[in-house]
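Colleague: Here are the chains, one letter per residue:
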Amino acid sequence: MMASVYNAKDEDGHISVSGPSGGSAAAMRGKRPENTAFKQQRLPAWQPILTAGTVLPAFFIIGLIFIPIGIGLYVTSNNIKEFEIDYTGVDMSSPCFNCSQNLSWNSSRPCTCSIPFHLDQPYENNVFMYYGLSNFYQNHRRYVKSRDDSQLNGDLDALTKPSKECEPYAYHENKPIAPCGAIANSMFNDTLEIFYHDPNGTRVPVPLTSTGIAWWADKHVKFRNPSENLNLTAAFQGTTKPVNWRRPVYEMDSDPHNNGFINEDFIVWMRTAALPTFRKLYRIISKKDNMVPTLQRGNYTLEVVYNYPVRSFDGRKRMILSTISWMGGKNPFLGIAYITVGSVCFFLGVVLLIIHHKYGNRNNSANNSN
Amino acid sequence: MLRRRLNRLLNNDERRVDSRTIFVGHRSGSPNDAIIPAKFCDNRIVSSKYTVWNFLPKNLFEQFRRIANFYFLIIFLVQVIVDTPTSPVTSGLPLFFVITVTAIKQGYEDWLRHKADKEVNTYPVTVLEDGRRIRKESEKIKVGDVVEVEEDETFPCDLILLQSSREDATCFVTTASLDGESNHKSHYTVSDIERDLESLNATIECEQPQPDLYKFVGRMHIYKNDQEPVVRSLGPENLLLKGATLKNTQKIYGVAVYTGMETKMALNYQGKSQKRSAVEKSINAFLIVYLCILVSKALVCTTLKYVWQSKPGQDEPWYNQKTQREKDTNIYLKMFTDFLSFMVLFNFIIPVSMYVTVEMQKFLGSFFIAWDKDFYDPEIKEGALVNTSDLNEELGQVEYVFTDKTGTLTQNNMEFIECCIDGFQYKHRDGSAEMDGFCVPDGPVSKPQQKAGREKEELFLRALCLCHTVQVKESTDQNDDQIDGLVADGEVSLQDQRGFIASSPDEVALVKGAMRYGFTFLGLESKNMKIRNSNNDIEMYELLHVLNFDPVRRRMSVIVRAKSGETLLFCKGADSSIFPRVRQEEVERTRTHVERNATEGYRTLCVAFKYLSAEEYRQADEGLREARLALQEREEKLMAVYNQLETGMSLIGATAVEDRLQEEAAETMEALQGAGMKIWVLTGDKMETAKSTCYACRLFQRNTELLELTVRTLEDGGKRREERLHDLLNEYHKKTVQDAPPFKGGVTRSWSCASQDYGFIIDGATLSMVLNSSSESSSHCYKNLFLQICQNCTAVLCCRMAPLQKAQIVKMVKNSKGSPITLSIGDGANDVSMILEAHVGIGIKGKEGRQAVRNSDYAIPKLKHLKKLLLAHGHLYYVRIAHLVQYFFYKNLCFILPQFLYQFFCGYSQQPLYDAAYLTMYNICFTSMPILAYSLFEQHVPMEVLLDNATLYREIAKNAMLRWGPFLYWTVLGVFHGLVFFFGVRYLFTNPALQDNGQVFGNWSYGTIVFTILVFTVTLTLALDTRHWTWINHFVIWGSLAFYVFFSFFWGGIIWPFLSQQRLYFVFANMLSSVSAWLVIILLILVSLLPEILLMLFRKRRGPNARQPSECDLLQTSRLQL
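As they're listed, the protein sequences go chains U and S.
In terms of full-length UniProt numbering, the first sequence opens at residue 1 and continues consecutively.
In terms of full-length UniProt numbering, the second sequence opens at residue 1 and continues consecutively.
There may be inaccurate statements among the hints.
[What the hints assert, rightly or not] Straight-line Cα separation of at most 30 Å, DSS-like style, residue types lysine-lysine; simulated pairs:
no.	chain 1	residue 1	chain 2	residue 2
1	U	241	S	322
2	U	164	S	322
3	U	330	U	288
4	U	39	S	275
5	U	39	S	864
6	S	247	S	527
7	S	118	S	140
8	S	136	S	118
9	S	381	U	39
10	S	864	S	814
11	S	686	S	456
12	U	39	S	373
13	S	115	S	247
14	U	161	S	322
15	S	958	S	735
16	S	327	U	161
17	S	734	S	958
18	S	735	S	811
19	U	161	S	334
20	S	39	S	140
21	U	164	S	334
22	S	322	U	175
23	S	251	S	142
24	S	456	S	527
25	S	334	S	311
26	S	817	S	958
27	S	311	U	164
28	S	327	U	175
29	S	327	U	241
30	U	164	S	327
31	S	610	S	686
32	S	281	S	814
33	U	39	S	105
Read the hints as simulated data drawn from the structure, not as lab findings.
Work the whole structure out from these sequences, hints included.
Modeller: Encoded structure:
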């Protein structure tokens, strides 16, 4: 009895865990260790040994797989047509220069400018229209967290009591802002329209679809209007619009399924971009029929209702037209990377093969000379 | 602890006095003295650390005293106070987990201690009070109480034996739970105590409590009605220790002298100083590097942030205004909080979980040692014992092995081989020994038929029969048992040797040897030794005194009175201590035998005797009694009397006892040497014996050049010892250090016959000359020379060592340049000091009690197990934990580096790249299990190969896997991975339209892609390093990855009501719906793993040659034969 008492005390001051049999010397006695594979560290084990024999084929296989994938990616990426216009209006010559100069949030008369452009190739299939911003830190911490997801999810408490994270865009004139926060407040509000110049001189507006641009789950689950049964105006009763907005949130769109918090332009904007230079999907130009390309080769005009100031922080605004492939938008990086890695693997395979042969021989001869 | 300190404080004034006075039964000694109630601590044993009330604060305080915990607490507090990018939960949760688990564990252990304490403290005891027997709880015993103890009960406190139910006023105890000796020891009552304890009026004066179990000095004053008080000396033989058990005795009464925490047992259990492994030092060094990285990252970011913000329009663009409070904050305060925020953001680089994982690994890993069936010894029916799990990996780092000889290298199983009487050699032959048969001289030295006179032979055998402290087992009458007999060879109970119990196996061997020649020792009956001689007559000798054995004198004597009335002194001891004390003309005849026996590896003892005249005896008797009564310096006084007595003896003969080598001792030693360990044999034995053991163990080989530095070589030159020492040291130094071919690092140095091997021999006396040389400067210089010589010798033998010197040597080597890892292995009490001193202490569950085992870090049944313990277990543990540590730092570096790089793209705003859930779960769930499984089951080289090729041990010598080289490699790998993850995805995101419906990805998708690549790469890197895939590894590695995918779906699949932001909602699923994301993930994982695969390929190139030299050799030999 005493022995066990004192073994317990033996560990006194031992902060770290002590051995398994620390206090059980007596218990251990006479007990033969079990002869199980686990306890004897003899579990059956697979002992892979990376040898030239196994790795060399792997290198070749990787090379053989990666290079075609890379070529495929590269070709795909090259086939994607992309057209980009910077309409910030920094230059004096730019049509939007005037608008960019005398811009104020409160001006009642919108400033418009139109930029002509020419498409060298016809754009087949669906064409996606993006707006791009540069030097705009949507990923700034203060900005990223300045939102209230419960409010956006239709939570009524959060509607009237926006989260503290929204500060200083939570209340305006003692009324809760809906949607609150810096992200919502700074929503992109330029209007972009494209007109096609018919060879016979008429300006034909290109039909733009504004749905299908946001993530499905965002549109249907994450974003929800408060009290969906009510009419939207009534639902947002007691709240005020974000300071920079011209219209309240319930007047975003005439379509009730694209109004309020579930407006897709809004949802797209609310998904903060990863990098300070980013693009966001603005409109989709749907394919009409198989005969005519979606966007024909020819002259176009981009009509901009210029509302969004970026000059103050040295930003840029772009409009991008792009077709899309299975890998997404145009990005040569993946293709090049795959080709490079594939070639490197292949090359390494060859080098290793040579070394292996030479080394193997030398090894043998070394053994012989010994 | 606190209690003890308090007690100490209370007893402070008393403590200054070096003795305490105890009133037996609380009755004042002489009638005119009143009792001054002295304050002694009560008999409560407190081993618990906490009470219910102070558990929480005290435990938390203790836990946060650890630097790591404190660091995490600070980070957590910063997160709570300052507006930081990650929520306090991310660091609070893991910290809380760690703290709680530790607290629960410690609380449970303390509860067990409480329970044990309570059991001990409330154990009922019987106390005599005013003539009545009162049952009391053990904790209520006070100093001075007379306590009754019955058979098979343990003593509740340290008692002075007053009365025993046995007739001969003795009692028997076993101290199995104290020092592991299970033999019965007899203790004596104080003489002259009347039967009636009620009327006993006595005081005891004794020293203050001290932890030495075998030392006690005291004095008892017995007052009888108006007479002069009688004074009796008290020694350890009168003291019954708490924890010992009463045996073979119905009942005893004793007076409590030390109680509670002052008992010798309690004093002995004051925690051992905790040993820390070298790996932990490496971890701390790496931690500092990472801390520096962390701080510099935070500094860089803070600086750049303010540089960046100074550009107009950047700090506060119109779309991202600050709150009023932020605007009002002082700029310097803001800078500081920004710095803290960055620290918090990057703090994951130093993971909480590493400490948990390392502890778990050590704890769980140590089970494998205890479970190993190869360590099971069927003889003692025990396997290995792990006393601490902190040092597992240290077993793979041992550079110096200090081993005891007796009982460790040798079996300590003595056998009487031959003897030499009066210069004639007698060898025993197959038990056909009758008195005449015995006298068959043999061997080349003595001529056949030549015999010593019969008288001499009988005298010699009588001496063997009388001069010992052996007990006969069956009879209850036992010999005077010496507790101090244990010194040189420790305490031994040789119960398997039929009939005899002794403190040293030599004695049993001698008695049995004598028995074979016809002289049987029958036992001790009331101070009379009974011998049956060769004629079957019983001879009786009255035992007058025993002059105990001790390692300084190296001899023991008995004084007996024969029937005829003549008084004889028999003395036996080491040749060096006997020869100077006998007539010189007798020495030469015996010396040749002794030396020849010693070189053959036998333990030799010389036997001498002398007649004492009545006058001489009277003087001796007086001197001895006086010395034994002395309260102070008793030992010294006794020694003086002993020395005075043991002179002018005549030599009868010498004995040779063989101590057989342990099983596979030579193979083990050879393997250890092959593994690059330097083996030092530290023994108290004489040089010749030890040397022959070394040869037998193949520590010294035929071509080993022996450098001797002993008293003998010092005396050879005819110069002064000091000068000679100086010359010799310089000469040896020149030979071994300066002339030796320079070798490239200790690791690659060949141990083959290519270079001359040196063996070094030094003895205790010379060693103390080296270490404590007269002049300060030369001492230092000698010490250095000595160390350098020893470091260049393959084996070192230190003989004639006192236990303390052993520890001294270990300490010296331990603190020498490069602070090598030392291991001590021993089995006896005399090895405890060196076991405690060395980095790793190994106890052998040998015959010499359990002291060594109790004080060791690991205990194994046999020496041969050391090979597997070091070469297989130690090697694997080291590789495992080293990989674990490096991997942990690596995986957190490449975890946090992308987050750092992201700051350059988000305006240094401390925006985290990963979601909080990922930040928290990364180390807890996603990547913790595979590395734990790896660190438990990895066998990069199969155990058999490790055991067969001792040289493999050199590959990990000197902490090879945790040096700056490998650390740099892992760091570079981590940085490379981090860069690949971040920039690979960054270039993908130049066009964030990654879905085939033209929709774009945001920042959380970015983070999730990086994180997915990270988790997979980190896990697969480990998979690449895993050489030993058991099903557990498979399960855990693939399971972790599956769990990550499952968790991500789950986490992103639900709008979590308790989250303020649904950042990851559907992000993972969306990511998987993008082909580009898939492609980039696959590509980047492959790119990250490529360098590792390549390196492994090149590393393997060297592999097969280094790993299977035997195969090469085989090839070569077969070629040669062709």
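Colleague: Decide, hint by hint, whether the structure agrees.
Modeller: Hint check results:
no. : hint          : verdict
1   : U:241 / S:322 : holds (19 Å)
2   : U:164 / S:322 : holds (13 Å)
3   : U:330 / U:288 : holds (23 Å)
4   : U:39 / S:275  : holds (27 Å)
5   : U:39 / S:864  : holds (20 Å)
6   : S:247 / S:527 : holds (21 Å)
7   : S:118 / S:140 : holds (12 Å)
8   : S:136 / S:118 : holds (14 Å)
9   : S:381 / U:39  : holds (18 Å)
10  : S:864 / S:814 : holds (24 Å)
11  : S:686 / S:456 : holds (27 Å)
12  : U:39 / S:373  : holds (9 Å)
13  : S:115 / S:247 : holds (27 Å)
14  : U:161 / S:322 : holds (20 Å)
15  : S:958 / S:735 : holds (26 Å)
16  : S:327 / U:161 : holds (23 Å)
17  : S:734 / S:958 : holds (26 Å)
18  : S:735 / S:811 : holds (25 Å)
19  : U:161 / S:334 : holds (28 Å)
20  : S:39 / S:140  : holds (14 Å)
21  : U:164 / S:334 : holds (20 Å)
22  : S:322 / U:175 : holds (19 Å)
23  : S:251 / S:142 : holds (20 Å)
24  : S:456 / S:527 : holds (26 Å)
25  : S:334 / S:311 : holds (18 Å)
26  : S:817 / S:958 : holds (13 Å)
27  : S:311 / U:164 : holds (28 Å)
28  : S:327 / U:175 : holds (23 Å)
29  : S:327 / U:241 : holds (24 Å)
30  : U:164 / S:327 : holds (16 Å)
31  : S:610 / S:686 : holds (25 Å)
32  : S:281 / S:814 : holds (15 Å)
33  : U:39 / S:105  : holds (24 Å)
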